[in-house]
Each structure stands twice: as structure tokens, then as C-alpha cells.
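Asker: Residue numbers (our numbering), protein chains in the order written: chain A, 8 to 388; chain B, 356 to 544.
I should point out that these hints are in silico values taken from the structure, not numbers from a laboratory. Among the hints, a few may not be true.
[What the hints assert, rightly or not] Each computed DSS-like pair below joins lysine-lysine, with the alpha-carbon atoms no more than 27 angstroms apart:
#1 A:Lys247 - B:Lys414
#2 B:Lys482 - A:Lys24
#3 A:Lys298 - B:Lys362
#4 A:Lys298 - B:Lys482
#5 B:Lys393 - A:Lys323
#6 A:Lys9 - B:Lys393
#7 B:Lys414 - A:Lys24
The residues making up each chain are set out below.
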Amino acid sequence: MKAMVYRGPYKIRVEEKDIPAIEHPNDAIVRVTKAAICGSDLHLYHGLIPDTRIGHTFGHEFIGVVEEVGPSVQNLKRGDRVMVPFNIFCGSCYFCARGLYSNCHNVNPNATAAGAIYGYSHTTGGYDGGQAEFVRVPLADVGPTVIPDWMDEEDALMLTDACATGYFGAELGDIVEGDTVVVFGAGPVGLYAAKCAWFMGAGRVIVVDHLEYRLEKARTFAHAETYNFVEFDDIVVHIKHITDGLGADVVIDAVGAEASGHFLQHVTGSQLKLQGGSPIALNWSIDSVRKGGNISVVGVYGTVPSAVKFGDAVNKGLTLRMNQTPVKREWRRLFDHVRAGYLKPSEIITHRIPLDEIAEGYHMFSSKLDDCIKTVVLPAA
Amino acid sequence: MVYTADKPHLAPSSDELRARIPGWGTDLDPANRPGVPKMRFDPAASGAHWEIPEQQEEKVPRERSIEHERLPPVFGTAQPLKGLSGRIRRYAYERYSEARSIHWMLLILGDRVDSIESQVSSLLALKPDNPITETGVLAEFRRGGLSSRLGKNRADGSHQWIAGLLVAAPYVLTGVALVSGIRRLARRR
């Protein structure tokens, strides 16, 4: 089969690989029909995540058709069209039994701090991902779900991570009616977080980024008030000005490890890997939320320390909430919103490319070319 | 501005927002939010029909964090450890917990060694890495590299060039080393 493979920082290519085999009685093999490139794939692509092995196939956002199932699989059969949450989870450990599917303790030998994710290095379990023609889907009775007949396939694809993560980001903010919510980052997750903040009763939703085309999308897709931080000497002071000096009630960091906006932090955190990412958005979040406010972190950071302004967070009495998204737990409500027409996740897709062009797809997304927001990869094209 | 006990009136009314924004307030009630409370004991919700998943067969010795007392029942089998990078990574897993920075630094070192090993083996297998196609840099021409940047006042303009330097540096340094080695050999003769 054809699969995207990692060849070192900033380098990938398409290679022929063996079709994955059933390795556990509850495995399924899925023929991928659509995959997506996630912003967090860029952290792997840039060599930021430890134990990213040469030959690894990325891709944790994908949908497909069940090709084969293991002997203990009860809920799926060959031919089912499935959407697969980015988390691999057992459904039965201490954490899964309490809904924290992203923190499963039974699926990742390489780390206890991280759960397991498709195509996201050995730090998250060493599973090849879905930017390929076929993928192994472990624990098939708890992860994948048959795509409802009424759901558009591209909407289903967006729900496997980015859209669910945006909703989860808003949820972590503990938004109450009338809250002012600031979202740092107008990438896919930030756009969805901004959109979903309204569902939870936000009074104002403000999106901050430096890419004008993404801020335009935040205005049209997420009905947000937007600010380009490049236009301000100090974006934190500006946020204080527009919130009567108090700061925002809730801030969502939807940027993570590769934030721009502070040269030294970016170079040490993102380029030279001396930190677990550049925590610019997180520090701006800490400084621009009001005292006693909530910060939700859904941006991804690395595993080594970052220069975070923790003293400010303590002095301000902040609540910081964060996690990888337990995707499947969020789906029930998100399905309602999609079906009701409140949310059309596929509206943020800007590019559709064949698997053979994936190296240029990564470069385009990484370098923010051609007004790229979200790219769908088509293995069969 | 004067700081008072009142919450600043900065937002439109809820009625106005409900009329303007599709779905506004539908999840105002925390009971509608699937992640509230954060932890809710409901083992049946996942659909798991086991207390512990069956143990996956360990066909090759599988490295694991020393914080796991045993190999978890399900694990990835992609890219098993090999070569010098494999030895470095295995040492990182066997010697240091995830709490130690050196654990992660060794894994990153393993990544860089793996990169060199794989470039050499790929060259020997007559499938050499092609930095032009593998970096996707041709997208600069096909996807509007110039028009995406010129006049856009992007914050990443100050550092994007460093990535190019980091990617090109190993090739340039290898080229310089090869040329200087060949020159030295030529001089000796």
C-alpha cells in the first residue's frame, strides 16, 4: 500500500509499505477514504516530538471503510463506513471508565503521561497513522463509530479531532452566560473553539492571530471579533483595554508549541527544541485573562519544560484546564449540533490533495501558503 | 476606567445573541456538556466488553516506560528499535523515567541518529532522500509562496528562514566535508 512516511525534520515522502495486519483480537483494518493534516502533525513534521521514528506514518484524523476485523470484534463488520477518533483507548481502565479516553492507561507502553494516538510518534504508543491507504485500528469495539447516513463524510472527518477539540476547548473554559472569551489562534481548532463558545453562552468571542485570511474566516465562520496581534505593540494590553481593564473571563490557547510572536521563545522552543515548544500563546493567555479566570489549553506542547509564566498564574488565582480531547465522549453532543445545522465542520476545509502530493501539502500548511487552513488527503485519488 | 463591583457591560444581550448566532446558548446548561463533570464513573459507556483487554502477543521485545510495571495489553508495532538509534532509545526507556529530562533528550538524540542512519541506508538501497521533493519546497512555486507572504505583515516572517537553514545545513556541511576530504586526498598524491 501507499503511505506517507517521515524521513526526518521537514521531510516526508510516499512509500510502499505492507498492508497492516490484525495484531490483537479486537483490531480492525480500515481502508482510509479521507484523512486530514492536523496542526499538531506539524510538531512531528518539525521534529519536535521525542521518539518520532524514521518511517513513521502520521495521520490521526481519518475516516474509512472496514476491510477486516479481528475475532473478538462485535460492533463492526467488513464494509462499514467508520469515523475513528484520534485516541486509541481500551474503554475499561481507571481513566476510560471515567470518560477520560484520551488518558487511557492500557494502550501506550512508551509513556504513562500520554495516552495513545494514531500516527503520533512512539511517545504516544508507536501506532502508524491514517495518511495511508490502510491503517490498523486497535480496540475496534470502543473507538470507531459507523458514520450516520445523514452525516457528510467531510464533516465526519473533521469530528475525528479538530472539531471535537475545539468544542472541548470551549468546554474546558467553563463558560457562563455573557462571558468574554478570547481564543488565541485561528487555525482549525481555534475556529471551532470560537464557534462552540457561543453554544455555551459566551457574550463576546474574540479571536487573535497574525494571519489575516484566518481572521477573516473567524469573522465569517465563527462570528468572532478579531484582532491581528502584529498590529499592536502589546496584544495583552489591548485585550485589557477592550475588557474595561479586567481581562477576559476565559482564554483558550489553541496554538500550542509553535507559536509566533516572540522571536526568542519561538527559536528556542520551536526551531532549536531547547524547550517543549514556544509558550507564547500560553503566556499571553495567562496575562490577558482576568484574575480568577479560566484558561483552557488545547494547543499541544512537547514533553520537556517550557518557559511558562507560572508566577503570574498563581498571583492571579487562575484555573488552568487542559487535556487531549476524549473525542468519543464529545461526539454525542456534536452530532446534535451538526444535525441541527448549528455547526458545519467541513466549512473550514480549504484544500483537497492526493496522497502523492502530501509533501507539498505539509509544506503549504506549515508555511501557511495559499490561504491554507485545513487540508484533506485523498489516498485513492 | 473605574473598577467597581459590577461586571462590565461589554456584550450584547442574550436575546440579541440568540437571534443572531445559530445555536447560541444551546449548551448553556452544563448538563448538556458531555465533559461535565470531568470524571464520571460509567464503565458501560465505552462499549468495552472486557475488564482488561486481551494481551497482544509480543513478537519482538517491546520497549516500555519504567513507570509501567508490565507491558500494557495493547501496543503499537510500527518501526521496532534498530541500529544505534535503537540502542539509545532503549537505554532512555530502561534507565530513566518520564520525569527526567534526560529521558526525553536521549529520545530526541535517538531521533537525530535515526535520521542519519536512515539517510545512509536509503542511499545504499538506491532510494536516496531527495530534499527537494521530500521538503515539498516546490509548493513555494505552486501554492503562491511569494504572494502568501509579500505585504502580509506576518509574524512568522522573522523566523521562517531559520527552518530552511536547519534543513539545508546537514547537506551543506556534508558537501563541504566531502569536498575538503577529496582536496586533501588529491594534495597527498
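Asker: Among all the numbered hints in the text so far, which are the ones the structure does not match?
Answerer: 1, 4 and 6
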